[in-house]
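Residue numbers (our numbering), protein chains in the order written: chain A, 79 to 397; chain B, 79 to 397; chain C, 79 to 397; chain D, 79 to 397.
Rather than coming from a laboratory, the hints here were simulated on the basis of the structure.
A quick note: this is a predicted structure, and the numbers were derived from the prediction, not measured.
We treat Cβ as the ideally placed atom computed from N, Cα and C, and that holds for glycine.
Treat the hints with care, as some may be off.
[Stated by the list, open to error] Below, computed lysine-lysine pairings styled on DSS-like, alpha-carbon distance capped at 25 Å: (1) B:Lys136 - B:Lys285; (2) D:Lys299 - D:Lys363; (3) B:Lys136 - A:Lys363; (4) A:Lys272 - B:Lys272; (5) A:Lys272 - A:Lys169; (6) D:Lys272 - C:Lys272; (7) C:Lys299 - D:Lys363; (8) C:Lys363 - D:Lys299; (9) A:Lys293 - A:Lys272; (10) B:Lys272 - A:Lys299; (11) C:Lys272 - C:Lys366; (12) D:Lys169 - D:Lys363; (13) C:Lys293 - C:Lys272.
[Claimed, not checked] Computed list of chain C residues with no C-beta within reach of chain D, every gap over 10 Å: (14) Arg110; (15) Thr174; (16) Asp268; (17) Pro368; (18) Glu379.
There are 4 protein chains.
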Amino acid sequence: MKKIPVILDCDPGIDDAMMLTLAFARPELDIRLVTTEAGNLSQDKTTYNALSFLTYIKQDVEVARGLDAPMFRTLEVAEDIHGEGGLGNVKWAEPTLQASERSAVNAIRETLLSSDEPIIIVATGPLTNVAALLFAHPEVKPKIKMISWMGGAAVGGNMSTTAEFNAFVDPHAVELVFRSGLPIVMSGLDVTHKAYITLDEMVRLSKSGTPFAEKVAEMMKFYTFTQSQTPFHTPHFEEQIRVHDVCAVAYLVEPELFQGGDYFVEVELEGRLTAGSTIVDYVGKTGKAPNVKVLHTVNREGFIELFFSAVNTIGKQLV
Amino acid sequence: MKKIPVILDCDPGIDDAMMLTLAFARPELDIRLVTTEAGNLSQDKTTYNALSFLTYIKQDVEVARGLDAPMFRTLEVAEDIHGEGGLGNVKWAEPTLQASERSAVNAIRETLLSSDEPIIIVATGPLTNVAALLFAHPEVKPKIKMISWMGGAAVGGNMSTTAEFNAFVDPHAVELVFRSGLPIVMSGLDVTHKAYITLDEMVRLSKSGTPFAEKVAEMMKFYTFTQSQTPFHTPHFEEQIRVHDVCAVAYLVEPELFQGGDYFVEVELEGRLTAGSTIVDYVGKTGKAPNVKVLHTVNREGFIELFFSAVNTIGKQLV
Amino acid sequence: MKKIPVILDCDPGIDDAMMLTLAFARPELDIRLVTTEAGNLSQDKTTYNALSFLTYIKQDVEVARGLDAPMFRTLEVAEDIHGEGGLGNVKWAEPTLQASERSAVNAIRETLLSSDEPIIIVATGPLTNVAALLFAHPEVKPKIKMISWMGGAAVGGNMSTTAEFNAFVDPHAVELVFRSGLPIVMSGLDVTHKAYITLDEMVRLSKSGTPFAEKVAEMMKFYTFTQSQTPFHTPHFEEQIRVHDVCAVAYLVEPELFQGGDYFVEVELEGRLTAGSTIVDYVGKTGKAPNVKVLHTVNREGFIELFFSAVNTIGKQLV
Amino acid sequence: MKKIPVILDCDPGIDDAMMLTLAFARPELDIRLVTTEAGNLSQDKTTYNALSFLTYIKQDVEVARGLDAPMFRTLEVAEDIHGEGGLGNVKWAEPTLQASERSAVNAIRETLLSSDEPIIIVATGPLTNVAALLFAHPEVKPKIKMISWMGGAAVGGNMSTTAEFNAFVDPHAVELVFRSGLPIVMSGLDVTHKAYITLDEMVRLSKSGTPFAEKVAEMMKFYTFTQSQTPFHTPHFEEQIRVHDVCAVAYLVEPELFQGGDYFVEVELEGRLTAGSTIVDYVGKTGKAPNVKVLHTVNREGFIELFFSAVNTIGKQLV
Ligand SMILES: [Ca+2]
Ligand SMILES: [Ca+2]
Ligand SMILES: [Ca+2]
Ligand SMILES: [Ca+2]
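So here's chain A without its partners, still in its complex pose (with noise of 0.2 Å):
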């Protein structure tokens, strides 16, 4: 089997977690690098999170950290979503992997032009080291096949009322990856809030059988004390655990269970109260050329099948 190289960039972080269990159980997956972002937590955290989530499934992977701050805003944690240690106060591992010499926007850049075949770079964070990339190193663009990214909205943010985190964290880098020219997916939240687990199903999960199984659940049921049902919410919001980065993932790997339309999408970079929100222009007022892949629609029980059945993967490689 052929098999598709890609690129991790991720802020651990729960959902980062969940997205590395997902990429890491296909095996038509060829994971060539993971890349830290700060964002969920401080580079110092989700770097040592990334080492410590991968020691444990016993990957044997590049894990290079990446910048320590946004382009230009200061940065802003969300210490609250997913817990002081970003995995919902879950332990997994003292790390035995160790960070790479070399720096996240290094190690892509190199690794993306001493490969023979263009990469797909999963980004499941803030933007900051792929935008430095593509900005200081536009000679990289040839070997990116297509960047997916989980972030935005098209409708509502989760940071503002306006802005989804990821790019209310650092809006400028979404900018400059969306006005790149490369292909690229955007699981923002019109669909990843389509992509959430009930209750039931993680009880169900965590009796399936592995202690990874179990700790993933004790891990994601953290995510149901952080949000609060609100009458502009759908009903029920704050019982659905929702693990958007697996997202970014799923896409490449199921690409059917999705359904996204092309569209003009810009960042707004100014604004006293609603910097960071993605301006997803879904009724063709700009006239623009589209530049993003917009999901906005999943197969829920086949995402679902999709990440229970990765954890089962990974819980029985470490049994």
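Since the structure of chain A is provided, determine the placement of chains B, C and D with the ligands on it from the hints.
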């Protein structure tokens, strides 16, 4: 019966005409003044439409012409939504009613100051007149009981991805009103998108037995050509006829049809892409005291009955 | 002699008091009204100061209290420049004059509308009152002959690097006035920085023979403690006593002392660091028609003579 | 003699060519690399001009082509100031020198990392290349001794009323550089407007005896057609020939010609009218630690002598 004194500030506009229908159908309202805003159309056109529609429905009320343009932004009208003439290409009457010699700001100010009791202002356009009044004449505030405004949105816009039309046209005016310290009820898209009429119901209305109802139905059908279905809207969005402005009066006469909550709301005044977004702090991030009651839910059946009954009442008066 | 009818809108403030001195010393001016702005100090303090100073110089004129705060920005006062009380810690008189029952906006409006001839508005503070009036009441425009404003700067600010104080306090007000279509003369820092008095001249003034002149000199000396010399100012900047506001009246009574040109001027309303900058298009980049006469040059000797002579006139009237 | 290693990043441009003249005339400089910015002209033209001019003055140095466009803003060139070709319509040489195969960012990075000692970067265009490098590759910082930049202004701009050209073209790049923590010397308009050459001095230069000097004088005279006198400039502004960029090298070789101070400087990134203004906190309002040495004064005679002597040196080498 003690009547409720009200001033109606509007930019007719299809749904403004429907708002006027409900207002003049209700015996418990004592309508002291109608004023016009530039918004859906130019000031010339909204004033003409107000005079034309009120002539048709035989209401003898002072109509005072408002300010010609928003505070800072250039006026953007919505002739694509309301028709070039603004009432869905339906002709009502050659006006016999004439515009007042008083400007809207002067007329509202003098009406308020000469009233024994506080008055409710119903505003269903951009808030330019109201903001000008409140800013230049804080002395009127004790005479304003409440401002019931159709405009804004907590989640998702209709003019831009994040901004509702009335707020988009004059964001500075909305901000001045929201900061005024007066009681404000905001019927934003959150609730007005739920206050729709189906095509079947529209057929029922048009056959309800008066020429007025027929003409109303004809005017409202124009809407169905102007809204497009997208994957980011609820299904059947394009077939639902929304009479947004009607909510602002409906809330006065049957408040029990609506649910809402008190929130801190402010307006994005800057931003390249997001100006006019009303930022409703529904998760309590700002820690600031609520300044606006934001409606989010409506009993649709009750709302339609209220509206249809008003059309009936006016229709019979005209026969 | 045909007198020139004027309204004085000010925020005393040391140089506002000097402006009042010149205005009331000149027989050719018919001062119909004095109104107060929040600016150098809170509205309470500027109104008190206006009443106190006018009581001292024995002028019986209507003083109408203005709006409490800028349109959108939070009021920032300049007590470091004018002293906590606002008149350089000089006590003038316990006011016997009382504030009008009319608000500044109402008083200006009614004064204008009841005048047979157009009136000149001299404004030497933020333009909040004037902007509120013009925005809410365009009907007064034919009764305004000209607005002579002290404020703004083509090159270099004093509140921020790019913004002058009065413009910084309420940029939106300045923009509304500049867009009004009325004839506007702007005495910005470009000219007022050239309208200074040396320390030696100040000594001469204080010894000119009246107690009033002594008190004036004492008040003005306060300024010399508040401005610092930097390499970006002209030499001896810190020893030059600027009576900025006086220019706005001086231009009315001896226009031949000044030179200026007609330019398109607009105001930065946004910007994290530059709000309130008045952008004078002196190289004609915008291609837009001039809307403001911007003064840039003054005959300093003539200006000082005019001012000293006014102090003398008032001083002798009081003996 | 221990030489000073430098990298020259420029956008020739008339005064960039003069900067190169001074740099290559000075034996104490060890020029490791020349890189080009899009700015005065498109990247194609600035690279061509660098190659053409360096060919003419017979310097064999690596010239690496830089990024094509500013970070976020659309490139605005200054062909009105520098001539369509960018060197005042003077033709230097058909380039025999060829552009490097390395991009500017890669060439600077590798030059820095392979150097035993820290290098000074002289930048006389927009800072796009330098910012991209610093943002993507913080690892190079220990190898940068100082950045000597021509750009910005404390008081008054030349592109807009408040912004200098290089800062206006790419404000985000300037901000990234200013925040980098590296030692920065800013030769802004404050000092470069004082580093002018009179028409008489230009005649003297052109007659100084080498064909090169004649060509230089011819090129520089182009400037005198492009600046207009206004009342907001110092007298004779339009006859003064400013070789702004030369200051950035002159400061390296004869720092005693200049005076400056350490200030906190930041860049306006937003604003409708003021983006790119460099806000020099020369009165200490922010309370923030200085991050830039801002030059404000120059010994003009010494400066001219330095520059003329360099023209002489190169001119004689070419004979
Ligand atoms: Ca993430
Ligand atoms: Ca309306
Ligand atoms: Ca003043
Ligand atoms: Ca240059």
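Restraint status (C-alpha distance of Lys272 of chain A to Lys272 of chain B at most 25 Å):
holds, 21 Å
Assess, step by step, whether the Cα of Lys299 of chain C is no farther than 25 Å from the Cα of Lys363 of chain D, and give holds or violated.
Satisfied, since the Cα-Cα distance of roughly 23 Å is no more than 25 Å.
Please check whether the beta-carbon of Asp268 of chain C is more than 10 Å away from every beta-carbon in chain D.
Not fine: 6 Å to the nearest Cβ puts Asp268 of chain C too close to chain D.
Against the 25 Å threshold, does the CA-CA distance of Lys299 of chain D and Lys363 of chain D hold or violate the hint?
Roughly 41 Å separates the two Cα atoms, so the pair is violated.
Going straight from one Cα to the other, do Lys272 of chain C and Lys366 of chain C come out at no more than 25 Å?
Violated, because 28 Å separates the two Cα atoms, which is more than 25 Å.
Lys136 of chain B and Lys285 of chain B were given as a pair; does the straight-line alpha-carbon distance stay at or below 25 Å?
Given that 25 Å is the threshold and the Cα spacing comes to 22 Å, the pair holds.
Taking the shortest Cβ-to-Cβ distance between Pro368 of chain C and chain D, state whether it exceeds 10 Å.
holds, 14 Å
Least C-beta distance between Arg110 of chain C and chain D, which was stated to exceed 10 Å
holds, 33 Å
Does Lys299 of chain A sit within 25 Å of Lys272 of chain B, going by the straight-line distance between their CA atoms?
violated, 33 Å
Is it true that the CA of Lys136 of chain B sits at most 25 Å from the CA of Lys363 of chain A?
violated, 40 Å
Are the Cα positions of Lys293 of chain C and Lys272 of chain C separated by 25 Å at most?
holds, 24 Å
Regarding the pair Lys272 of chain D and Lys272 of chain C, is the alpha-carbon distance no greater than 25 Å?
Roughly 21 Å separates the two Cα atoms, so the pair holds.
Taken one by one, the earlier hints fail for this structure at numbers 2, 3, 5, 10, 11, 12 and 16, listed in ascending order.
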